[in-house]
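**Q** Using my numbering, you'd call the opening residue of the sequence shown number 640 and step up by one each time.
None of these hints come from the bench; they were simulated from the model. The reader is advised that the hints may include incorrect statements.
Calculated pairs, DMTMM-like style, for lysine to aspartate or glutamate (alpha carbon to alpha carbon, straight line, at most 25 angstroms) [stated by the list, open to error]:
{"hint": "1", "residue 1": "701", "residue 2": "970"}
{"hint": "2", "residue 1": "1184", "residue 2": "928"}
{"hint": "3", "residue 1": "703", "residue 2": "760"}
{"hint": "4", "residue 1": "962", "residue 2": "1167"}
{"hint": "5", "residue 1": "741", "residue 2": "700"}
{"hint": "6", "residue 1": "762", "residue 2": "657"}
{"hint": "7", "residue 1": "704", "residue 2": "739"}
{"hint": "8", "residue 1": "665", "residue 2": "655"}
{"hint": "9", "residue 1": "912", "residue 2": "1133"}
{"hint": "10", "residue 1": "670", "residue 2": "655"}
{"hint": "11", "residue 1": "853", "residue 2": "807"}
{"hint": "12", "residue 1": "728", "residue 2": "966"}
{"hint": "13", "residue 1": "796", "residue 2": "987"}
{"hint": "14", "residue 1": "704", "residue 2": "913"}
{"hint": "15", "residue 1": "853", "residue 2": "874"}
{"hint": "16", "residue 1": "1173", "residue 2": "1133"}
{"hint": "17", "residue 1": "877", "residue 2": "1234"}
{"hint": "18", "residue 1": "762", "residue 2": "970"}
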Amino acid sequence: MNLQDILWPKDGICTDMEMYFHSNYKINLIKKEDKREGTCILFRRGGVVTTDTYFNSLSVEKWKKYTEIQDVSLTLTVQGSFLVSLCWKQKINGTYIERELKNTVIKAPERSEVTLDFPDETKGMFFFRIEALKKDGKFYGGYYSTNTEPDKCRPIKLGIVICTFRREKYVRDNIRLLNEEIIENENSPLFGRLEVFISDNGQSLGEYRLSSDKVHVVNNKNAGGAGGFTRGLMEIIKRPDRNGITHALLMDDDVVIDTASIVKTAALLSLLKEAYKDAFVGGAMLRADQRNIQVESGASWNAGNLISLKAGLDLRLWQNCLKNEQEEYREFNAWWYCCFPMELVRKDNLPLPIFIRGDDLEYGLRNMKTLILMNGICVWHEPFENKYSSFLEYYVIRNRLIDNAYHFPWWGKKQLIKCLMGEYRREGYLYRYRNVELYIRGIRDFLKGIDFLEHTDPEQLHKDIMASGYKALPSEQLEVPFMDSEYERGRTEEHPHLHEIVRKFSLNGYLLPAKHIRTVPMAQPRPEFVWRAKTILFYDIVENKGFVTHRSIRKFIAQGFQVLGTIVAILARYDRAKQSYIDRVREITCTEFWEKYLGIKEQKPCEGMEDLDGYTKDASCTE
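Using the sequences and the accompanying hints, generate a full structural model.
**A** Structure below.
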């Protein structure tokens, strides 16, 4: 059985050679030389290529830990004379170890396939080195495989669920790619074993005619990512025998994907040991603007102090590929690429209706026992520091409180008050008073208990929240002109220690006269950037948009009183609100609730259902 193909750089996906191969200067990559040959590497004598890379090494340790495989073979397609070495690397106690396991001289006057067997190893990663002994040698690719018995392979069919809101281009491009390389490609290992379910929250895809017998587009109420992904899961559930779909693969609408990640995911799932049959498979997020840089590979929620694991790794370096292989504590994988068994997706075990920010982590906390992450399974996505949305202030705190209420009940009033005070100082010092108001509103809505979440129209609420935040305008519409020199100075200016002391005791300059107009990054600005400013331009240099705020001592003081009132409300109502989520979460994670919430049909009375671990039986919503 094929475990993974040797991959090539692809236009529109990733063209960084070092993500696929390391080489000396005596080789050339030839793309689509002709239809028969396809992409290949042409060698001069002495040319060397190694695959100790993100996409073309084999994570033997994880394959043997999680799956039934006993052996690994390498099949190469070559023409010419080569020395092929099978190699192994591992990181032990901070030391990198590399061994050449075996080598073979290959003489192939014509294009030929050669299969070599790796010796038995259970740690680290496998790769190979190929060196041309004569000129004009060609390497056409290959694959890693195993001889595992067919009866140990699980039948796998994937249902890809995509939630989208008016990102037509991304969706069209990804559906075209899936159609060409898997759905309509009889040579794909996943041919006939993949369907796509698109929840169109913006109801704008109809004209593009994406639907087919394997691609299902359904108009959906805009209930955020949670509502869109849940609707996709419900579409799978309601089909007879779920169309044979064994696993759901949730994927963002605006990612760049190599279908090889999907094929590799399916191969991994088909070979899982019985002990790991309920495992989640996660894809790492890589930067869309620097496609060799990893943003996150699994994450720990940490009660809201999010830890993105393996962040910032340059995956062109084999040392980082090895580091990426080391497993550490993780609590969830984001839904930009997250695959899990449909057996978990029962009619009583759907996501929480929390719109955005926190739906993926909550579902992972509730259901994930094992998360498998592997080099080469990934998507590319625009990094979050390039994005800023004022309205998220509301969802971040409200959904954090909901998630913590159920999964981290020790996190309580003291921690919340500390967060509120920090938000008041940070955003107040930046004159972003609307953000403080949104944050307070998020807290107060949580304090209303689960009834608020259950009975509030998410679409209308979101419109209201959007209108309450700051809206970025094109540069020509701004009252303060953008100046690049001022922007760069604000980002790089250093302040002496004495300045920090003065800033602290003057409330970041509120107690001193204001005299500056500052320009700072829209995303992740720091209060020291705006010391004694009277006006601030928050600017996004990618989109060439921004918004302006002005210092108002009156607003700052008034919001201080709002904060005090909110603290009183927290002390009085937090415990009751938290308990409502603990006691009644099943009511808002079942099919009947979601059908009503999304306006699919009128709510029907729920009928009996077995007790499940972690839940209390509740006759109000069981099935």
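**Q** A separate judgement is required for each hint: does it hold in the structure or not?
**A** The hints, checked one at a time:
Proposed proximity of residue 701 and residue 970 is supported: the alpha carbons are some 18 angstroms apart, at most 25 angstroms. A distance of roughly 19 angstroms separates the Cα atoms of residue 1184 and residue 928; the hinted pair therefore holds under the 25 angstroms criterion. In summary, the hint linking residue 703 to residue 760 is supported, as the alpha carbons are separated by about 9 angstroms, within the 25 angstroms threshold. Restraint check for residue 962 and residue 1167: not satisfied, since their Cα atoms lie roughly 35 angstroms apart, outside the 25 angstroms limit.
Proposed proximity of residue 741 and residue 700 is supported: the alpha carbons are some 19 angstroms apart, at most 25 angstroms. A distance of roughly 23 angstroms separates the Cα atoms of residue 762 and residue 657; the hinted pair therefore holds under the 25 angstroms criterion. The hinted pair formed by residue 704 and residue 739 meets the criterion: a straight-line CA distance of about 22 angstroms does not exceed 25 angstroms. For the proposed pair residue 665 and residue 655, the alpha carbon gap of about 18 angstroms is at most 25 angstroms, so the pair holds.
Between residue 912 and residue 1133 the alpha-carbon distance is near 55 angstroms, which puts this suggested pair outside the 25 angstroms criterion. A C-alpha spacing of about 14 angstroms is found between residue 670 and residue 655, which places the hinted pair at or below 25 angstroms, so the restraint holds. Restraint check: the Cα-Cα separation between residue 853 and residue 807 comes to about 19 angstroms, which is no more than 25 angstroms; the hinted pair holds. Taken as a hint, the residue 728 and residue 966 pair is honoured in the structure, with Cα atoms around 16 angstroms apart against an allowance of 25 angstroms.
In summary, the hint linking residue 796 to residue 987 is supported, as the alpha carbons are separated by about 22 angstroms, within the 25 angstroms threshold. Only pairs whose Cα atoms come within 25 angstroms are accepted, and residue 704 paired with residue 913 is accepted, the gap being roughly 12 angstroms. About 13 angstroms separates the Cα atoms of residue 853 and residue 874, which keeps this hinted pair within 25 angstroms; it holds. In summary, the hint linking residue 1173 to residue 1133 is supported, as the alpha carbons are separated by about 20 angstroms, within the 25 angstroms threshold.
Restraint check for residue 877 and residue 1234: satisfied, since their Cα atoms lie roughly 12 angstroms apart, inside the 25 angstroms limit. About 24 angstroms separates the Cα atoms of residue 762 and residue 970, which keeps this hinted pair within 25 angstroms; it holds.
Checked against the numbered hints above, the structure violates hints 4 and 9; every other hint is satisfied.
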